[in-house]
Amino acid sequence: MIIPKTPKLTDAQLEEVTLIVAEFGCRIQVIEGAVQSIYAIVGDERHELLINRIEGLEYIDRVDTIQSPHKLLDIRSELKHHKTVFGGIELGKELLAIAGPCTIDPANPNRFYETAEALKEAGAHALRGGVWKPRTNPYSYQGDNKALDILMEGARRTGLPVNTEVMDEENLKLALDAGVDMFQIGTRNALNYSLLRKVGQAIAGKNTVVLLKRGRHIGPINEFISAAEYIVNFGNPNVMLCPRGTLPSLEGYRNHPDESITPLIKEKTWAPVVVDPSHSVGKSVYVEACSMAAVAYGADGLCIEANIDPTRGLGDDPKQAITPEAFRQLMEKCQAIWNLKSPPESSE
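In this note's numbering, the protein residues as written are 15 to 362.
Honestly, the hints are just simulated from the structure, not real lab data.
Heads up, the beta-carbon is just placed ideally off N, CA and C, and yes, glycines get one too.
Do not take every clue at face value.
Said to hold, decoys possible - DSSO-like mimics (lysine-lysine), calculated; alpha carbons at most 27 Å apart, straight line:
(1) K134 - K212
(2) K347 - K297
(3) K97 - K355
(4) K220 - K94
(5) K134 - K333
(6) K147 - K107
(7) K220 - K282
(8) K19 - K94
(9) K282 - K19
(10) K97 - K134
(11) K282 - K212
(12) K297 - K282
(13) K94 - K282
(14) K107 - K333
(15) K212 - K22
(16) K134 - K282
(17) K160 - K212
(18) K22 - K107
(19) K212 - K97
(20) K212 - K94
(21) K97 - K107
(22) K220 - K107
(23) K160 - K355
(24) K97 - K282
(25) K94 - K355
(26) K19 - K147
(27) K220 - K160
As the list claims (entries may be wrong) - Quick list of the computed label-pair ranges, beta carbon to beta carbon:
(28) V56 - R90: 17 to 27 Å
(29) L354 - D191: 35 to 45 Å
(30) N66 - H95: 20 to 30 Å
(31) H95 - D25: 16 to 26 Å
(32) K220 - V56: 14 to 24 Å
(33) P148 - K19: 42 to 52 Å
(34) P21 - E135: 32 to 42 Å
(35) A26 - L354: 47 to 57 Å
(36) R202 - P83: 21 to 31 Å
(37) K97 - V56: 19 to 29 Å
Please model the complete structure; the sequences and the hints are all you need to start from.
And the structure:
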């Protein structure tokens, strides 16, 4: 990848670089970071003459050749300086809290609005809410486009950004047009490379964030990170990696909790890690402990299912959603753990 001496190449400089790499059968993909834009050489960038010609340009600092299956996500990439901001939180500096119901019920919009308001009061930085739902049983509730309007009205009422899962191109277009702030790629689509490419293309040049969940079937960490590379490769580095439990399940839990892989992920990539404890354990009574463990392991944020009345919620809420009050208490404990590893700056 090409690192310029300035934060960004001029149009003329970019054109010159593009013409040079084209001579070697490569192309340039611009990755616009918050601090520094980098210019990925797509193709075989190892040609010595190619590197020499690029490094010989007066406005180029260097050319980094990273031998990794995920060159952009690699911890050595210049994108390590990228700042991901969501819900007013700079990931890594403060603990991000995303919360909301598993599934928005179009027949009861007020329940979502009341939940959203209560979660904002409890300290949530962003709202989650399922509009479209992947279901094992084809006869189970699959979601409803009407729920998207409810989600966005919740955002308007609270002023909080929103997260929802997209499962196909139609969902993606509707969510993008509605102004959804964060697209969630669920565990069943974690390795759907066609969808990952479409998402990457759709958010290029935008501030949209992607929460990429880890596949349910235990996959190597490199495979997880490389899936995110499919998205970032189109120019938007705002991707968060989300451990959410894997299969086979651990007796008593919904899945096999995997928040402990956070340090392993952070050894390999700069991407923020936001853990989903709700799906990991699958029971509300265990969510608090799993959340605290996630923060202790170094998670940058949490994505938690919460509902003002879990027993009347759709989908997974009756068994794994917590109340806004329980969320508030949970976050107080998690913040205390966060402060132990990242003491607040002195006001003196």
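Cross-check of the supplied hints:
Only pairs whose Cα atoms come within 27 Å are accepted, and K134 paired with K212 is rejected, the gap being roughly 32 Å. For the proposed pair K347 and K297, the alpha carbon gap of about 19 Å is at most 27 Å, so the pair holds. At most 27 Å may separate the alpha-carbon atoms for a hinted pair to count; K97 and K355 meet this at roughly 20 Å. For the suggested pair K220 and K94, the alpha carbons sit about 19 Å apart, so the restraint of at most 27 Å is met.
Simply put, K134 and K333 have alpha-carbon atoms about 22 Å apart, close enough for the 27 Å limit, and the pair holds. Only pairs whose Cα atoms come within 27 Å are accepted, and K147 paired with K107 is rejected, the gap being roughly 32 Å. For the given pair, K220 sits about 26 Å from K282 by alpha-carbon distance, which is consistent with the 27 Å threshold. Restraint check for K19 and K94: the C-alpha separation of about 17 Å stays at or below 27 Å, so the hint holds.
A hinted pair counts as satisfied when its Cα atoms are at most 27 Å apart, and K282 with K19 qualifies at roughly 26 Å. With a C-alpha separation of about 24 Å, the suggested pair K97 and K134 falls inside the 27 Å cut-off, and the hint holds. Simply put, K282 and K212 have alpha-carbon atoms about 25 Å apart, close enough for the 27 Å limit, and the pair holds. With a CA separation close to 31 Å, the supplied pair K297 and K282 exceeds the 27 Å bound.
Taken as a hint, the K94 and K282 pair is honoured in the structure, with Cα atoms around 11 Å apart against an allowance of 27 Å. Under the criterion of a C-alpha separation no larger than 27 Å, the hint pairing K107 with K333 is inconsistent with the structure, at around 32 Å. Distance check on the hinted pair: K212 and K22 sit about 26 Å apart at the alpha-carbon level, within 27 Å; holds. Proximity of K134 to K282 is assessed by CA-CA distance (about 34 Å); at most 27 Å being required, the pair is judged violated.
Restraint check for K160 and K212: the C-alpha separation of about 23 Å stays at or below 27 Å, so the hint holds. Distance check on the hinted pair: K22 and K107 sit about 25 Å apart at the alpha-carbon level, within 27 Å; holds. For the hint linking K212 to K97, the alpha-carbon distance of about 23 Å falls within 27 Å, and the restraint holds. The suggested pairing of K212 with K94 holds, with an alpha-carbon distance near 24 Å, which does not exceed 27 Å.
For a cut-off of 27 Å, the pair hint linking K97 to K107 stands: about 10 Å separates their Cα positions. Between K220 and K107 the CA atoms are separated by roughly 23 Å; this keeps the pair inside 27 Å, and the hint holds. Our distance criterion of 27 Å between C-alpha atoms is broken by K160 and K355, whose separation comes to about 43 Å. Among the hinted pairs, K97 with K282 is consistent with the structure: their alpha-carbon atoms are about 17 Å apart, no more than 27 Å.
Our distance criterion of 27 Å between C-alpha atoms is met by K94 and K355, whose separation comes to about 20 Å. With a C-alpha separation of about 46 Å, the suggested pair K19 and K147 falls outside the 27 Å cut-off, and the hint is violated. Our distance criterion of 27 Å between C-alpha atoms is met by K220 and K160, whose separation comes to about 25 Å. Checked against the given bound of 17 to 27 Å, the beta carbons of V56 and R90, roughly 18 Å apart, stay inside it.
About 43 Å separates the C-beta atoms of L354 and D191, a value consistent with the hinted range of 35 to 45 Å. Hint check: N66 to H95, Cβ distance near 26 Å, so the stated range 20 to 30 Å holds. The beta-carbon spacing between H95 and D25, approximately 23 Å, falls within the hinted interval of 16 to 26 Å. The hint said 14 to 24 Å for the Cβ distance between K220 and V56, and at roughly 21 Å that hint holds.
Checked against the given bound of 42 to 52 Å, the beta carbons of P148 and K19, roughly 47 Å apart, stay inside it. Separated by about 39 Å at the C-beta atoms, P21 and E135 satisfy the suggested range of 32 to 42 Å. At roughly 51 Å, the beta carbons of A26 and L354 sit within the given window of 47 to 57 Å. Here the CB-CB span from R202 to P83 is close to 22 Å, well matched to the stated 21 to 31 Å.
Between K97 and V56 the CB atoms are about 24 Å apart, so this pair conforms to the stated range of 19 to 29 Å.
When each numbered hint is compared with the structure, violations occur for hints 1, 6, 12, 14, 16, 23 and 26.
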